[in-house]
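**Student:** One-letter residues, chain by chain:
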Amino acid sequence: MVKHSFYRAWLQFSVIFALLVSAHAHAVLTIDITKGVKAAIPIAIVPFQVSPAQILSESIWDVVSSDLARSGRFEPLAESDMLSKPAAVKQVRYKDWRLLKMNAIVIGNVRQLGADQYEVSFRLLDVFNENQLAGNKYVVKSALLRKVAHKISDIVYHKLTGIPGAFDTKIAYVMQEGERKDKRYMLQISDADGYRPVTILESRHPIMSPAWSPQADKLAYVSFEKKRAQIYLQDLRTGKRSLVSDFPRINSAPAWSPDGRKLAMSLSKDGNSEVYIKDMSTGAFTRLTTNAAIDTEPEWSKDGRNIIFTSGRAGKPQLYQVSALGGTARRVTFQGGYNAGAAYSPDGRELALITDMGGGFKVGIYDITTRTIRTLTSTRLDESPSFSPNGEMILYSTVQGGKNVLAAVSRDGSVQQVLRFSGGSVKAPAWSPKL
Amino acid sequence: MKVTSIQKILLVIATSLLMSACAGKKAQESVQMDDAAGMTDDTIVSGTLDSDVMGMDLAGPQGVDANDPLGKRVIYFDYNSATLTFEGESIAQAHGQYLADHPNVFITLEGHADERGTSEYNLALAEDRAMIVSQIMGVYGVALDRIQLVSYGEERPVALSSDEAAYSLNRRVEIVYQ
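The listed protein sequences derive, respectively, from chains A and B. Take the first sequence: its position 8, counted from the start at 1, is 8 in this note's numbering, and no numbers get skipped. Just so we're on the same page, this note's numbering is the position in the second sequence counted from 1, plus 435.
A hint or two may mislead.
What the hints assert, rightly or not - Stretch-level coverage of chain A by chain B, calculated; a stretch enters the list once three of its residues show a Cβ under 8 angstroms from a Cβ in chain B:
#	region
1	205-212
2	223-233
3	248-261
4	381-388
It is worth saying that the hints were derived from the structure and are not from the lab. Just so it is clear, CB atoms sit at the ideal spot from N, CA and C, and this is done for glycine as well.
Just need the whole structure built from these sequences, with the hints factored in.
**Tutor:** Below, the structure written as C-alpha cells:
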C-alpha cells in the first residue's frame with residue numbers, strides 16, 4: 001500500500017489517519033501518505049472544549065489536524081503526547097509546549113447555542129513569542145462544522161507558511177461503480193479532503209473532463225448520455241443543465257477562459273479532432289487549429305491570450321501553443337515521448353502535465369522559463385493533473401490495485417499521497433478555484 | 436459470483452436465441468445484454484468471442500467462418516496508432532465489400548483506446564481509429580451516412596488489467612451491425 005520510503009514521523013501520521021478513519025465509520029476515504037517532507041512545522045491541535053459535553057458528529061480539531069498533516073508542511077502532535085489540553089489562553093503553559101518542541105498550538109471551543117446551531121472559536125498561539133497569531137469565531141449549523149474546520153486550517157496554514165491555504169475548496173471527479181450492465185457513472189463534488197460528496201449527475205454512460213468555471217459556480221463536462229461525447233454545462237446552485245456543444249462526432253475537453261466568457265474545447269465535426277473556442281454570450285464558435293493529426297486538451301494561459309493544447313502532429317503527443325485569436329501553433333515540449341493534458345499553475349509559471357520519459361505515464365512539471373520537464377510522481381498511469389488554487393498541490397488520478405484512485409503531489413514532489421474512496425473507481429479530478 | 440466459461444457461453448447463446456426472435460430496434464438491447472454476460476469483475480474474455488457471438492446471431496454477415504476476415508467484428512491497433520495492421524485492413528475491406536453488396540445495411544464503428552495517456556487524447560485517438568476503418572469502407576463505395584462513428588476513448592475497456600495483454604485487446608474498433 002505504502003510504496004515509498006518515508007520519514008519516521010510519517011509512520012506516526014499513518015497511525016493517526018487510521019484512527020481518524022475508524023472514528024468516522026461513514027468516512028468516504030482514507031489517505032495514505034506515501035512521502036512527506038522533513039522540515040514540517042511541529043504544531044499541536046489541542047482537542048476543543050465542547051459544551052455541553054456531548055459527542056459531536058464532527059471533531060473539527062481532528063479535521064484541522066488531518067488537513068495540516070496532509071499538506072506535508074505540518075507535523076501535528078499526537079493527542080496522547082500532550083501534557084495538558086487547554087481551551088483558554090490563560091490555561092496555556094507555553095513552557096510545556098516548548099518542551100514538546102512545538103512552534104505553535106491551536107486551542108478552541110465548540111458551544112451549542114440552539115437545536116442545530118454551534119459557536120466555534122479558535123486561537124492560533126505562537127509558542128516562542130507567547131502571543132496570538134490568529135483567532136476567530138463562527139456560528140454555524142452542524143452540517144457546516146467541517147467547512148469551519150477547513151477555514152481554520154486555511155488560516156493556520158496562511159499564518160505559519162505565508163501561503164494561502166486551499167483546504168476550504170472543492171474537488172469534482174467522476175466515480176464509477178458496478179460492472180458492465182450495472183455500471184454507473186457519478187459526477188461528484190466533495191470537499192478538498194474527499195468528505196461531504198454530493199452527486200450532481202448520475203448516468204449509465206461515461207462522464208468525462210469536469211471543468212470548473214473561474215467563479216466556481218458552474219461545471220462544464222462531457223457526458224455520453226446520448227451515446228456520444230457531448231459537452232454540458234451545469235449550474236451548481238440551481239442544478240440547471242444546458243448543452244454547450246452537440247455537433248456530430250466528438251465534443252470534448254472543455255476549458256474555461258480566465259474571464260469565464262469563453263469555453264475552449266475539442267470538436268471533430270470538421271474531419272478530425274480540432275481545437276475551437278465558443279463565445280458563451282454570442283454562441284459563436286472559432287476554429288483555432290487545422291491539422292490532420294489530433295488536436296485536443298486546450299488550456300488557457302492566465303492572461304487569456306494563448307491556448308496550450310496537445311497535438312499528435314509530430315507523431316507522438318506533445319504540447320503546442322497557439323494564440324486564442326488563431327494563427328500558427330508553436331511546439332512547446334520536446335522532452336520525452338509523451339506530453340499531454342497540460343494545466344497551468346495559478347501563478348502561470350509552470351504547467352502540470354502527463355509525461356512519459358520512459359518510466360510510464362506520470363505527472364510532471366514543465367517550467368515555462370527553463371523549458372524543462374521534471375517528473376513528480378512515483379505512481380503509474382497518471383491522468384488529469386489539476387492544481388490546488390494556492391498552487392501548492394496537484395491532484396490527479398492514477399491506477400492502484402486495479403482501480404482508478406485520486407492522488408495528490410506537492411509542486412516540488414516532496415509530498416505524495418493517495419486518496420482512497422470507498423466504493424468505486426475515481427477519475428478525472430478537477431480542483432475548484434478559490435471559493 | 437463465479438461463472439465458468441461454458442456457463443457464460445451458454446448464457447450468451449441463450450440470450451442470442453431469445454433475441455433473434457425480436458427484430459429491428461431490439462438488436463440494440465441484445466448487444467447490451469451480450470455485454471453483460473460476457474465478463475465478470477476478474478475475468479478477461481477476449482473481445483473476439485463477444486463480437487463473434489453477437490454478429491452471427493444478430494445482424495450483418497451470417498454463417499461466416501470465424502477465421503474469415505468477414506467473420507471478425509473487432510479490429511485491433513498498435514499502441515498510440517490509428518494505422519491499420521495488415522489483418523485490420525483485410526477485416527475492414529471484407530466488411531466494406533459486404534456493405535457495398537448490401538445497400539440497406541447500416542453499421543456503427545466504435546473506437547476504443549487503452550488506458551495509457553490522457554482520457555481526452557485517447558477519445559480523439561479512438562475516433563481516428565474508427566475513422567480509418569470507415570475510410571477503407573468508403574473505398575468500396577459505401578456511403579458514409581450508413582456508417583456511424585462513435586468514440587469511447589478509454590472509457591469502455593473489454594479487459595480490465597493494466598498490462599499489455601489487456602491493452603492490446605482494448606485498442607480496437609468494434610464493427611456493430613444494426
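**Student:** Given as covered by chain B, does the region 223-233 of chain A meet the bar of three residues or more with CB within less than 8 angstroms?
**Tutor:** holds (count 4)
**Student:** Can you take a look at whether the region 381-388 of chain A is actually covered by chain B? Rule is 3+ residues, C-beta closer than 8 angstroms.
**Tutor:** holds (count 3)
**Student:** Do three or more residues of the region 248-261 of chain A come closer than 8 angstroms to chain B, measuring C-beta to C-beta?
**Tutor:** Coverage by chain B holds for the region 248-261 of chain A (4 residues, Cβ < 8 angstroms).
**Student:** Check, residue by residue, whether the region 205-212 of chain A contains three or more positions whose beta-carbon lies closer than 8 angstroms to a beta-carbon of chain B, and give the verdict.
**Tutor:** n = 3 at 8 angstroms, threshold three: holds.
No hint from the list above goes unmet by this structure.
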